[in-house]
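Enquirer: So you can see what is in the structure, the chains are spelled out below.
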Amino acid sequence: MTVASPTDFEAGSLQPEGWLRYFSFSLDHKVIGLQYLVTGFVFYLIGGALAGVIRTELASPISDFVSRDVYNQILTLHGTVMIFLWIVPVVNGAFGNYLIPFYVGARDMAFPRLNAVAFWLIPPAGILLIGSYFISGGAAQSGWTAYPPLSLTTPALGQVLWILSVLLLGGSSIFGGINFIATILKLRRPGLKLMHLPMYCWAMLGTSLLVVLSTPVLAGTLILLSFDIVAHTGFFNPSLGGNVVVYQHLFWFYSHPAVYIMVLPAFGLVSEILPVHARKPLFGYTTMVYSIMGIVVLGLIVWAHHMFTSGTPPWMRLFFTIATSFIAVPTGIKFFNWLATLWGGRIALNSAMLFSCAFIVNFVFGGITGIALAQVPFDIHVHDTYFVVGHFHYIVYGGTVFVIFSALYHWYPKFTGRLLNEDLGRLHFLLTFLGFNLCFAPQHWLGLNGMPRRVAEYDPAFTTWNQVSSVGALLMAISTLPLLINVILSAYRGQPAGDNPWRALTPEWLTSSPPPVENWVGEAPLVTHPYGYGTPEGQLDLAAASGSELWQASQR
Amino acid sequence: MTSLTPETSTAAGAMALSAHQLDSHGAEHGEGHADVRLFGLATFLIADGMTFAGFFAAYLTFRAVNPLPADATYELELLLPTINTVLLLVSSVTFHRAGRRLMGGDGEGARLWLLVTGALGAAFLAGQMVEYFHLPFGLTDNLYASTFYALTGFHGLHVTLGVICILIVWWQSRQAGRISAANPFGLEAAELYWHFVDGIWVVLYGLLYLL
Amino acid sequence: MTIPSPLITLLLGMGLVLAGLWIGQNVSLLPVDASVNAPVYDDLFRVLFSIGSILFLGIVGLLVYSLVRFRRRAGELGDGVAIEGNLPLEIVWTAIPAIVVLFVGIYSYDIYERMGGMVPLHDHSAMHAAAMAAADASTGDAGPALAVVNAPSDERIWGGIANAGMDAGAALGPPLSVDVTAMQFAFLFHYPDGDFISGELHVPAGRPVELRMKANDVIHAFWVPQFRLKQDVIPGQPTLLSFTATRPGSYPIVCAELCGPYHGGMRSTVVVHEDDDFEAWLTKNRPAPVTVSASRATPFA
Ligand code: HEA
Ligand code: HEA
Ligand code: CUA
Ligand SMILES: [Cu+2]
Chain L
328 MTVASPTDFE AGSLQPEGWL RYFSFSLDHK VIGLQYLVTG FVFYLIGGAL AGVIRTELAS
388 PISDFVSRDV YNQILTLHGT VMIFLWIVPV VNGAFGNYLI PFYVGARDMA FPRLNAVAFW
448 LIPPAGILLI GSYFISGGAA QSGWTAYPPL SLTTPALGQV LWILSVLLLG GSSIFGGINF
508 IATILKLRRP GLKLMHLPMY CWAMLGTSLL VVLSTPVLAG TLILLSFDIV AHTGFFNPSL
568 GGNVVVYQHL FWFYSHPAVY IMVLPAFGLV SEILPVHARK PLFGYTTMVY SIMGIVVLGL
628 IVWAHHMFTS GTPPWMRLFF TIATSFIAVP TGIKFFNWLA TLWGGRIALN SAMLFSCAFI
688 VNFVFGGITG IALAQVPFDI HVHDTYFVVG HFHYIVYGGT VFVIFSALYH WYPKFTGRLL
748 NEDLGRLHFL LTFLGFNLCF APQHWLGLNG MPRRVAEYDP AFTTWNQVSS VGALLMAIST
808 LPLLINVILS AYRGQPAGDN PWRALTPEWL TSSPPPVENW VGEAPLVTHP YGYGTPEGQL
868 DLAAASGSEL WQASQR
Chain D
1423 MTSLTPETST AAGAMALSAH QLDSHGAEHG EGHADVRLFG LATFLIADGM TFAGFFAAYL
1483 TFRAVNPLPA DATYELELLL PTINTVLLLV SSVTFHRAGR RLMGGDGEGA RLWLLVTGAL
1543 GAAFLAGQMV EYFHLPFGLT DNLYASTFYA LTGFHGLHVT LGVICILIVW WQSRQAGRIS
1603 AANPFGLEAA ELYWHFVDGI WVVLYGLLYL L
Chain A
58 MTIPSPLITL LLGMGLVLAG LWIGQNVSLL PVDASVNAPV YDDLFRVLFS IGSILFLGIV
118 GLLVYSLVRF RRRAGELGDG VAIEGNLPLE IVWTAIPAIV VLFVGIYSYD IYERMGGMVP
178 LHDHSAMHAA AMAAADASTG DAGPALAVVN APSDERIWGG IANAGMDAGA ALGPPLSVDV
238 TAMQFAFLFH YPDGDFISGE LHVPAGRPVE LRMKANDVIH AFWVPQFRLK QDVIPGQPTL
298 LSFTATRPGS YPIVCAELCG PYHGGMRSTV VVHEDDDFEA WLTKNRPAPV TVSASRATPF
358 A
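Chain order of the listed sequences is L, D and A.
Sequential numbering from 328 applies to the first sequence in this note's numbering.
Sequential numbering from 1423 applies to the second sequence in this note's numbering.
Sequential numbering from 58 applies to the third sequence in this note's numbering.
Honestly, the hints are just simulated from the structure, not real lab data.
Among the hints, a few may not be true.
[What the hints assert, rightly or not] Which stretches of chain A does chain L cover? Using the computed rule of at least three CB atoms under 8 Å from a CB of chain L, they are:
#1 63-77
#2 249-255
#3 270-276
#4 286-293
#5 329-343
All values reported here derive from a predicted model rather than from experimental measurement.
Where a beta carbon is used, it is the ideal one built from N, C-alpha and C, also for glycine.
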């Protein structure tokens, strides 16, 4: 195959002109991917601003900044926005749409129209959700988990709008999932076998399976919940003979897999980024694939670890403790493989790499606290405390959000043809890493020592560490500045990147940057060794061999 | 089908692109992919089936742990639902017939069987309505009543949708070339969906009426 | 270098394990322990903390070492070595976590059993057995499950933690039973043997206590951090929580489940008395005609 040179495209300008297409019902997977990315980022800022309100309130032990019911609305909105409008759309929708067609050698997704519909469900859902704050009675205030009977007794309109919004977002994610499954399984270019696919495809396949199997259950559950609110049925209303624990089972049947929906794609992205910047093949490709599938299967059968104090029967607790603990095995395989990928590499310590490596640190920490939480007796003490809040922010922020940043530094040149500024990138990294740990590490201690979550006021004994945590949050807020400046300025003034600044081998780099509408001029390249970096041991002098030489060698 | 020119790939052009055009465009390059729409539909039906699975699981759990209050009524007649079950099962067969006729090039016959299928579906819905009006309990009477209506209602919604699809397919097959042996997608999709809805009913019937 | 690298690895590994064990034993992150199961819990915590420290330090150490040792230096353009995998290595790092989590799982199961969590209550798994036993004897104390929680046969206990062997219930005397009602936004404690209601929980040290908990409106959770115990109180599902306090003093009772705007204010106190003091408190509060002695029953206290 050949790598098309940029001049091939200059003449006809295959790119549709103008920024307006990003506001249109575009069917181009790359446009849709960027639409997801930018929309998600806007919601990240909103969710972060809400987190700012939370941390401001918690800077003092009394309820002084916002009133108590507003606090509950804020934390509900924060959780919902961050999960359903930031993480899920970005790691799935944005990168999935942008990268998957390249990786399978297709010119678009299997169902471009469905794809556009899936994206366009998101803005109205977001507006509905945020807007519900401004109606009388305010937004939902029963947490992102919306446990009944609380969610049946809080102001009904806000809760119903919350349900509608989550249903739209769930629909969006199911449509996306169907599209990814069909694209990966059915649209591969001839000659490309499943085991040739870049790891992100496997991650998205696993994620999409989870989406398709679990999201509908959430949808059904929320429909029943809305009946309870609107039609006064009693599915989950104990005073009408209903059973609230059934809601919890159904909710977590989705929402535990949801955490892997949030993190598996991130695992996939890291698997793409590390080999490129470490100049080594991805270690243990095959075990990596199996571990993804292992996580998918295990992920479906561990949900009740969120319900250890809900009066579940003993055998159930035992089963879910063991099943949950075993997720450490496939997850561990991935982490050790990444470490082995780095080992002996030629590691470029750029922003993308820094964020990816910090992801490893943070996620291992969060994973270990997760394994602790999986132990029933341990969880009995810390369930619904700041220990849990610490656990999951280490994973969702320290894990997924760090990976999103890393991916941004890695693929920005692909999106725009320009590099992001490295100095600003490192500043961004430093501030984020410091702020993040300052913010969330103390929360583990708070939880262990008696601070429950979802409270606007707390025992004054916890003031100091809460203030430390709030300072950390402030640092994180500041850290978004260098990122925003970088992303906006570099779009115009950034150093031109060329088509393949990282000398990467995965197919999205084997075209121009930014790519033409149909991804490649001419045939899609057949890449059977997406990680063919590196020198066979003892064959070449490591210090002397140039990367581009090797790269060409691996192109046959 | 012409290949993409730069003009068609402007914003407006991109909007006009359908999946189909993209596919056939790819085909010109010798790498077109098979029609994956049925595969997509099947994936969607798995998802839809999971919604029902969630409902069924909830229903079974309610039965296992929440006893019916002493004064509550929850009695179901068997006759009408059984007739309804037979109607649906027969309709699956008639739909299959319609498909066979279409593939055999007999558009008239296909349309006839489609109408029969649609009529059976409508009869099922009518039967369901009759049952609703004669039940001794209402939506909010008790947990089982609510669950009964939620499950049958959600399924009824699917049947209604199916009947509408059948009518659409019937209408389209009257127009030349839109649905034919050469281009049977619309009918195949409706048929797959219909079999799925029937299958769900069988499970539902077993759980709600027989268990 | 003269020292062979396997030896260095071994030494580093041993150092790491020792450091992890030391951290687990010496870093204390928990509040005081005030119930029989709290020290047991703290043992589990130390084990988890040690294992976690070993893994975390090991992985971070390896990562930082790789980043420093294998960083690309100025002017280097070459690639690393093309190693795509190593089966024995991959088997090792599949097996080690598997063994570790299996060990942790079994160990924590043991702890949980000692805490009384595995005693079958009147939940759905025990229900069939209990129902069959009840059909045979048609009395309340038929099945062993019922005997353990002394529940009247018509009352269904849904879950919670029962008195376990660890509490050596027989040796410590019959449990003190207290009815707990959780509501927005207070806990009320009803002492059946005095028939009075208190806003604070008072219990004697060294005697098993059995809380029979009910919620009126939404889900609440009863949590005493110093007891390392928490139990959701779910409307429609009477729940049982047993413990034996050991250390006299006052500890906070915290509602841990979001239950509305004043969730954060839904707090109370548990006072653990020496045995005699408790009797004194009981008599003081057991007024013949008056039923309510709300020492602090104001909801929003
Ligand atoms: C992306 C999101 C994400 C991810 C990936 C995870 C991953 C895990 N989570 Fe977490 N979790 C959440 C998001 C996430 N979680 C959220 C949002 C909540 C709170 C919900 C709410 O109530 O609002 C939560 C809550 C939560 C609870 C309930 C706590 C409670 O409410 O009481 C539990 C309990 O078991 C748990 C466990 C785990 C485990 C075992 C993993 C495992 O997958 C982790 C596995 C990873 C590792 C273990 C590290 C790498 C492995 C090795 C290096 C190998 C060696 C390791 C060992 C041998 C231990 N999580
Ligand atoms: C999934 C992703 C995710 C992410 C990324 C975050 C990010 C953050 N979260 Fe969040 N959080 C959740 C998911 C997430 N959270 C969930 C699911 C819950 C549970 C909710 C529930 O209990 O129901 C929760 C709950 C939660 C709590 C507990 C609330 C409580 O229980 O009472 C706290 C408290 O500290 C917190 C803090 C933060 C902070 C400081 C950040 C920071 O990392 C945020 C950093 C980002 C910024 C600071 C953005 C900066 C931008 C600006 C400042 C621009 C200003 C913008 C405008 C003016 C429009 N979160
Ligand atoms: Cu009661 Cu929180
Ligand atoms: Cu979980």
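Enquirer: Now, for every hint given, state plainly whether the structure supports it.
Expert: Outcome of the hint check:
1. A count of 0 residues in the stretch 63-77 of chain A with a Cβ less than 8 Å from any Cβ of chain L is obtained; the coverage claim is therefore unmet, three being the minimum.
2. With 0 residues having a beta carbon nearer than 8 Å to a beta carbon of chain L, the stretch 249-255 of chain A misses the requirement of three or more and the stated coverage is violated.
3. Here the stretch 270-276 of chain A counts 3 residues with a CB under 8 Å from a CB of chain L, which clears the bar of 3, and the coverage holds.
4. Using a Cβ-Cβ cut-off of 8 Å, 7 residues of the stretch 286-293 of chain A lie near chain L, which meets the minimum of three, so the contact claim holds.
5. Counting residues of the stretch 329-343 of chain A whose C-beta sits closer than 8 Å to any C-beta of chain L gives 0, which falls short of three, so the coverage hint is violated.
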